[in-house]
Amino acid sequence: MSAPLVDIRAVSHRFGEHLALKDVSLRIEPGSYTILLGPSGSGKTTLLSILGGFVRPSEGKVFIRGEDCTTMPPARRPTTTVFQDYALFPHMSVGNNVGFGLRMRGVDGTTRAAKAREALALVGLASAFDKKPHQLSGGQRQRVALARALVVEPAVLLLDEPLGALDLKLRRQMQDELKAIQKRVGTAFVHVTHDQEEAMALADHCVVMNDGRIEDEGTPERVYSRPATRFSATFMGESTILAGTVAEATGDTLLIRTRCGPVSLPGSSLPAGAAVALAIRPEHIVLGSDAGGVRLGDARVSDVVFQGSFKRVLATSALDPSLGFIAKAPAAAGIQPGDTVAVSCDSQDIIMLAD
Amino acid sequence: MRLALRILGGLYAIAIYGFIFLPVVVLVLFSLQATSFPIPPFTGPSLRWYEAVLTDTRLTAALVNSLLVASLSSLVAVTLGFLSAWGFARFVLPGSALLRGLITLPLTVSYLIIGMGLLVLFNWVGVPKSLIAAGIGHVVINLPLCFAIIYSQMGDHQVNIERAARDLGAPEWKVLLLITVPVLAPAIFAAFFLSMTFSWDEFVISFLLTRFDTTLPVEIWNLLRSGLNPKTNAVGSLVFAVSIVLVLLFELTLLRRKKP
Numbered sequence: 115m116s117a118p119l120v121d122i123r124a125v126s127h128r129f130g131e132h133l134a135l136k137d138v139s140l141r142i143e144p145g146s147y148t149i150l151l152g153p154s155g156s157g158k159t160t161l162l163s164i165l166g167g168f169v170r171p172s173e174g175k176v177f178i179r180g181e182d183c184t185t186m187p188p189a190r191r192p193t194t195t196v197f198q199d200y201a202l203f204p205h206m207s208v209g210n211n212v213g214f215g216l217r218m219r220g221v222d223g224t225t226r227a228a229k230a231r232e233a234l235a236l237v238g239l240a241s242a243f244d245k246k247p248h249q250l251s252g253g254q255r256q257r258v259a260l261a262r263a264l265v266v267e268p269a270v271l272l273l274d275e276p277l278g279a280l281d282l283k284l285r286r287q288m289q290d291e292l293k294a295i296q297k298r299v300g301t302a303f304v305h306v307t308h309d310q311e312e313a314m315a316l317a318d319h320c321v322v323m324n325d326g327r328i329e330d331e332g333t334p335e336r337v338y339s340r341p342a343t344r345f346s347a348t349f350m351g352e353s354t355i356l357a358g359t360v361a362e363a364t365g366d367t368l369l370i371r372t373r374c375g376p377v378s379l380p381g382s383s384l385p386a387g388a389a390v391a392l393a394i395r396p397e398h399i400v401l402g403s404d405a406g407g408v409r410l411g412d413a414r415v416s417d418v419v420f421q422g423s424f425k426r427v428l429a430t431s432a433l434d435p436s437l438g439f440i441a442k443a444p445a446a447a448g449i450q451p452g453d454t455v456a457v458s459c460d461s462q463d464i465i466m467l468a469d
Numbered sequence: 003m004r005l006a007l008r009i010l011g012g013l014y015a016i017a018i019y020g021f022i023f024l025p026v027v028v029l030v031l032f033s034l035q036a037t038s039f040p041i042p043p044f045t046g047p048s049l050r051w052y053e054a055v056l057t058d059t060r061l062t063a064a065l066v067n068s069l070l071v072a073s074l075s076s077l078v079a080v081t082l083g084f085l086s087a088w089g090f091a092r093f094v095l096p097g098s099a100l101l102r103g104l105i106t107l108p109l110t111v112s113y114l115i116i117g118m119g120l121l122v123l124f125n126w127v128g129v130p131k132s133l134i135a136a137g138i139g140h141v142v143i144n145l146p147l148c149f150a151i152i153y154s155q156m157g158d159h160q161v162n163i164e165r166a167a168r169d170l171g172a173p174e175w176k177v178l179l180l181i182t183v184p185v186l187a188p189a190i191f192a193a194f195f196l197s198m199t200f201s202w203d204e205f206v207i208s209f210l211l212t213r214f215d216t217t218l219p220v221e222i223w224n225l226l227r228s229g230l231n232p233k234t235n236a237v238g239s240l241v242f243a244v245s246i247v248l249v250l251l252f253e254l255t256l257l258r259r260k261k262p
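Residue numbers (the working numbering), protein chains in the order written: chain R, 115 to 469; chain H, 3 to 262.
Okay, chain R solo, but in the shape it has when bound (with noise of 0.2 Å):
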């Protein structure tokens, strides 16, 4: 197996009594797009940064193309950032601003310049070379910062919450671009973002990070249809979770009691007893017939949220109210809040957490 392209060991970061990131060890590979995706406060932010240079981790250690570069201050790294707020230099042209990195490695202005065009033409702004950063619109002032960042050809370009600025439409246009721009360069690029659809549209590898920890990491289809915890079961997209316990393991069959009634669900290895945690997806939850496999009673709906495409439905179970169901309904559906429908699913949809 090839080395990876940076190598985060065991790292745990404390700002004063909080501990932001608890033992957090993480593999990059190179040529990928990942997305640390978490809630504020999760820790992601300070991962980047920890990977930028900015912050010292209090333990573990970070490798760069196997080079130890814990210590290392962001200057010599071979890592770039892109800002949330882009921190573009006020007082530069567009063009210095994107030839500035270049510059500091001592490249003669001629072929900064010829390069900074080049990086700007990439990202679609090979006109804007001579303006001034406030003479741009948001979505143009972070491909500046995009091609500031990516004309020194780091190893690792970090993006942080690059998006988190831009209005729904640009976004989703913005994210389509970022993909491009990355399979082109080929350069790895580390993206934090709170949004999942984000996530799910961009990364080619997806860390799900709740508390300073790594929930979950995969492919952003692996992290989708099999969530390992509760947390990203909801997180990455929503859930509706069943709690339960293990009333018999007989061969590859459990057999889990909830208050919706019994689940048989193929699987081993936990005993009689064990508490679990059962996701189902919305799109996989059926009503108003028993067509799944999995019965789990009645439910009396509360809500009907009309989406364009679907409609987003919310029922209480009538076996436990404190359950709430989620699910999809065609956008035809006649539906109306108050009805009381079936619900049931497909077992091969359910989705066993360890609780």
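Hint data in this document are derived by calculation from the structure and do not stem from the laboratory. Hints may contain errors.
[Stated by the list, open to error] Each computed BS3-like pair below joins lysine-lysine, with the alpha-carbon atoms no more than 25 Å apart:
no.	chain 1	residue 1	chain 2	residue 2
1	R	297	R	229
2	R	245	R	229
3	R	245	H	131
4	R	246	H	131
5	R	283	R	297
6	R	283	R	229
7	H	176	R	229
8	R	283	R	175
9	R	175	R	136
[To be verified] Cβ-Cβ distance ranges computed for the label pairs, FRET-style:
no.	chain 1	residue 1	chain 2	residue 2	range
10	H	150	R	143	46 to 56 Å
11	H	111	R	187	35 to 45 Å
12	H	109	R	131	36 to 46 Å
13	R	204	H	100	27 to 37 Å
14	H	125	R	222	18 to 28 Å
15	R	129	H	100	35 to 45 Å
16	R	173	H	101	31 to 41 Å
17	R	190	H	97	38 to 48 Å
None of the values given here were measured: they were computed from a predicted structure. Yeah, the Cβ is synthetic: ideal placement off N, Cα and C, and Gly gets one too.
Knowing the structure of chain R, use the given hints to seat chain H on it.
Here is chain H on its own, set in the frame of chain R:
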């Protein structure tokens, strides 16, 4: 009724501005007096007293001294003020708030006290009375001002800009020189011009700390001891004109800063 109020308001405004500016107007007017006494009736206009000022080597020497002391002491004050502001804004220091309070404290102490303190100290250390001593005094009074102006403009929004420069490979001194100073240029210039204004017409400290070579305000005071004449008016008008230019420069740099 309304009209009467407006007229009354107008008169009040004229009275206020008259109160503030009449002395200056009188000063400037009688500097143009053609005869030997700056008292009515006005006999000018004539530039003879300006000619007298500009041919008086003591006064012109003092004028040059004043400009030198003002520009050099302001340069030192602004440099030190900038560096201390940068230190306070960018590093976590023990007792930061207390130290910041201490550095701005001289703003509230009277120039007389600072001048006397420096006189005693210089005497003790053996620094002779000189323009340099007065210049040091002006740094003492202007440094807190420069610090306060620059520190107030050194917000957190520049932290990331400096980080970005570091991230792109700039060593610390280049971050300061290529990023921090240009970004703060309006505040730095404003602090410089305001320092120059204060140093330019500062009297007490210069009076206490200079002996043979001295600054213009002290020289004017020497002149006044022999009584009023239009020459004092002329030199006063010159001092006033330079102050106006400095204040305008200060305002312009601040205004330009607010535009983008």
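Structure-based check of each hint:
1. For the given pair, residue 297 of chain R sits about 19 Å from residue 229 of chain R by alpha-carbon distance, which is consistent with the 25 Å threshold.
2. As the CA atoms of residue 245 of chain R and residue 229 of chain R are separated by approximately 17 Å, the hinted pair is consistent with the 25 Å bound.
3. Between residue 245 of chain R and residue 131 of chain H, the direct Cα distance comes to roughly 53 Å. Violation of the 25 Å bound is thereby established for this hinted pair.
4. Taken as a hint, the residue 246 of chain R and residue 131 of chain H pair is broken in the structure, with Cα atoms around 51 Å apart against an allowance of 25 Å.
5. Annotation: proposed proximity of residue 283 of chain R to residue 297 of chain R holds, straight-line Cα distance about 22 Å (limit 25 Å).
6. In summary, the hint linking residue 283 of chain R to residue 229 of chain R is not supported, as the alpha carbons are separated by about 30 Å, beyond the 25 Å threshold.
7. A threshold of 25 Å between alpha carbons decides the hint, and for residue 176 of chain H with residue 229 of chain R the separation of about 22 Å falls inside it, so the pair holds.
8. Straight-line distance between C-alpha atoms of residue 283 of chain R and residue 175 of chain R comes to about 39 Å, which puts the hinted pair past the 25 Å bound.
9. Restraint check for residue 175 of chain R and residue 136 of chain R: satisfied, since their Cα atoms lie roughly 13 Å apart, inside the 25 Å limit.
10. The beta-carbon spacing between residue 150 of chain H and residue 143 of chain R, approximately 52 Å, falls within the hinted interval of 46 to 56 Å.
11. Remark: the range hint 35 to 45 Å for residue 111 of chain H to residue 187 of chain R is upheld by a beta-carbon distance near 41 Å.
12. Take residue 109 of chain H and residue 131 of chain R: their Cβ atoms lie about 37 Å apart, and the range 36 to 46 Å holds.
13. A C-beta distance of roughly 33 Å is found between residue 204 of chain R and residue 100 of chain H, which places it inside the suggested range of 27 to 37 Å.
14. Distance hint check for residue 125 of chain H and residue 222 of chain R: the Cβ-Cβ separation is about 57 Å, which falls outside the suggested range of 18 to 28 Å.
15. Checking the proposed 35 to 45 Å range against residue 129 of chain R and residue 100 of chain H shows it is violated: the Cβ atoms sit about 24 Å from each other.
16. Residue 173 of chain R and residue 101 of chain H have their C-beta atoms about 32 Å apart, which keeps the hinted 31 to 41 Å range intact.
17. Checked against the hint of 38 to 48 Å, the C-beta distance between residue 190 of chain R and residue 97 of chain H comes to roughly 33 Å, which is inconsistent with it.
Violated hints, in rising order: 3, 4, 6, 8, 14, 15, 17; the structure is consistent with all others.
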